[in-house]
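Now for the letters of each chain:
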Amino acid sequence: MDWAYFVELLCSGLVRGSIYALIALGYTMVYGIIQLINFAHGEIYMIGAFVALIVSGALTIYGFSGVSILVLAALIAAVYAAAYGITLERIAYRPLRGAPRLSPLISAIGASLFLQNYVLLAQTPDFLPFPALIPDFEFMEPIAHIVGSPELVILVVTTLTMIGLTVLIKHTKIGKAMRATQQDMIMARLTGVNVDRVISVTFVIGSVLAAIGGVLVGSYIGQINFYIGFMVGVKAFTAAVLGGIGNIPGAVIGALVLGLTEAFAAGYVSSAYEDVFAFGLLVLILIVRPAGILGKAVKQKV
Amino acid sequence: MSVLLEVKGLTMDFGGLRAVDSVGLEVRQGEIVALIGPNGAGKTTFFNCVTGIYTPTGGDVLVHPPGKKTRRINGLKPNVITTTGMARTFQNIRLFPNMTVLENVMIGRHCRTTTNIIGAVLRGKRTRAQERETIEKSYRLLEKVGLAELAGEFANNLPYGAQRRLEIARAMATDPFLLLLDEPAAGMNPQETHELDALIVRIRNEGNMSILLIEHDMKLVMNISDRIYVMEYGKEIAKGTPQEIRNNPKVIEAYLGEEVHA
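Chains as they are written, first to last, in the working numbering: chain X, 1037 to 1338; chain S, 155 to 416.
None of these hints come from the bench; they were simulated from the model. Idealized CB from N, CA, C, for every residue including glycine. Any given hint could turn out to be false.
[Unchecked claim] The calculated label-pair distances, taken between Cβ atoms and stated as ranges, are: (1) S/Lys231 with X/Ala1158: 51 to 57 Å; (2) X/Asp1232 with S/Phe308: 54 to 60 Å; (3) S/Lys231 with X/Gly1146: 39 to 45 Å; (4) S/Gly278 with X/Tyr1304: 49 to 55 Å; (5) X/Arg1325 with S/Thr395: 57 to 63 Å; (6) X/Leu1138 with S/Gly212: 32 to 38 Å; (7) S/Glu303 with X/Leu1149: 52 to 58 Å.
[Said to hold, decoys possible] Derived DSSO-like pairs: lysine-lysine, alpha-carbon spacing no greater than 30 Å straight-line: (8) S/Lys373 with S/Lys389; (9) S/Lys393 with X/Lys1206; (10) S/Lys404 with S/Lys393; (11) S/Lys373 with S/Lys223; (12) S/Lys373 with S/Lys222; (13) S/Lys393 with S/Lys162; (14) S/Lys162 with S/Lys404; (15) X/Lys1206 with S/Lys298; (16) S/Lys231 with X/Lys1206; (17) S/Lys223 with S/Lys291; (18) S/Lys389 with S/Lys298; (19) X/Lys1206 with S/Lys162.
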């Protein structure tokens, strides 16, 4: 067995997985709180990537370079994405808060199509080259044939982001309010939690994570277009379901399992079949554990 | 004694069903008031209207917070009503099951602190001071209801009676001037009920809170209430002191039924 090849696939699987995780967290947090599958979430990721592209172009003109562009572009992309996330919730979901569950779902699909076509019209239908914002580090050179600098940066950034998110949810006031809202929304209101704000904050956090994902992937893959959010969105959603939708650690585990499956399928079978393996895995896990890996079976109140 | 909660002609319709039919009620400072009645009389619906879970079809719900302006709270959101100073518990326990006992109480405290998300991320001096204060106050409340040793336990691991007391502590954490308790003694054994009745009186005496409760345990109601309101089929059929209620023929009829139907 070729171990170097195996490690290379393992790394590529972890990189994919951590990107899926960043986006899957947005799906799962929103679902956990308002039981809505936010189908427009992939588009937030795509918008994050576009904003980063525009910002990095502008910054290059003004003579910025390297890591400073990456950081600034990611920051601005995050702010933009957060604004889109809040607006989306206000316009497309909040008016439907009391409606049957199908209505906000349809609204979400509508929002997704709208955002795709809006970017298509405002930008271009073609693929745009995305600058490699992540520089090649010298200390990575000896192992660069297995793990490159971009991979390393993606792994480090996503890990730090997830630690930050865990701390936020476990130990801060807003985190407690989020958990309370997730467990019993009415009771949360009665203990004085401003649930509307908690929901907005959830959308902000999800959107920021998606935008970070967008910037990292854009810079890693090297090109973006208006449609990139769709497939990544579907994959991240699969990851969230795989791990147990509504469950935050579940989303990360589901995403890593999915990323590794894809990488190994692509490496050992054929990259043409990676999606077959990804979705086949979803079907398998849902047959064995319908609630997902970490999900709990929900008792339906009658 | 000043009036804290004043409900006038409260009516709630569900489609063609009038669940609450122009009911009036008052709670004054320092009082324990009980709302009693047979099952389905509309007591919980009344609570839901007062705490903002339902928007009443008609009538007025006025709060007169001590030292502040009177507010009409019909149709306000529950969290806004909680911030005006009214907190409630539920008939079926509704704790946050996957949070610790301490966290459950801290959630209640949070509507009285001012940190926002930016503060939470930066964790400045004021944020940390506030967080410490929140924890201290929450501990003190837990001591009051006798749960301080269980602070780190998950709420759903507590025994039944303790869960009920935790609900009360969480409601008290929001600094209410009026506590609404929906069947606090439901499912408790006589010993637990006895402790609860002492606890409620202690909250009133020490905590400077008034209490409005729904309860079926007549012994508890008669023991601790200053005044009692009785509802049947959505209407108010009697009000008065425990002594007056005990001897009111209408109340006896509501509870025992007319002999003709028996």
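Checklist line | Structure-inconsistent hints, enumerated in ascending order | finding: 1, 2, 3, 9, 11, 12, 18 and 19
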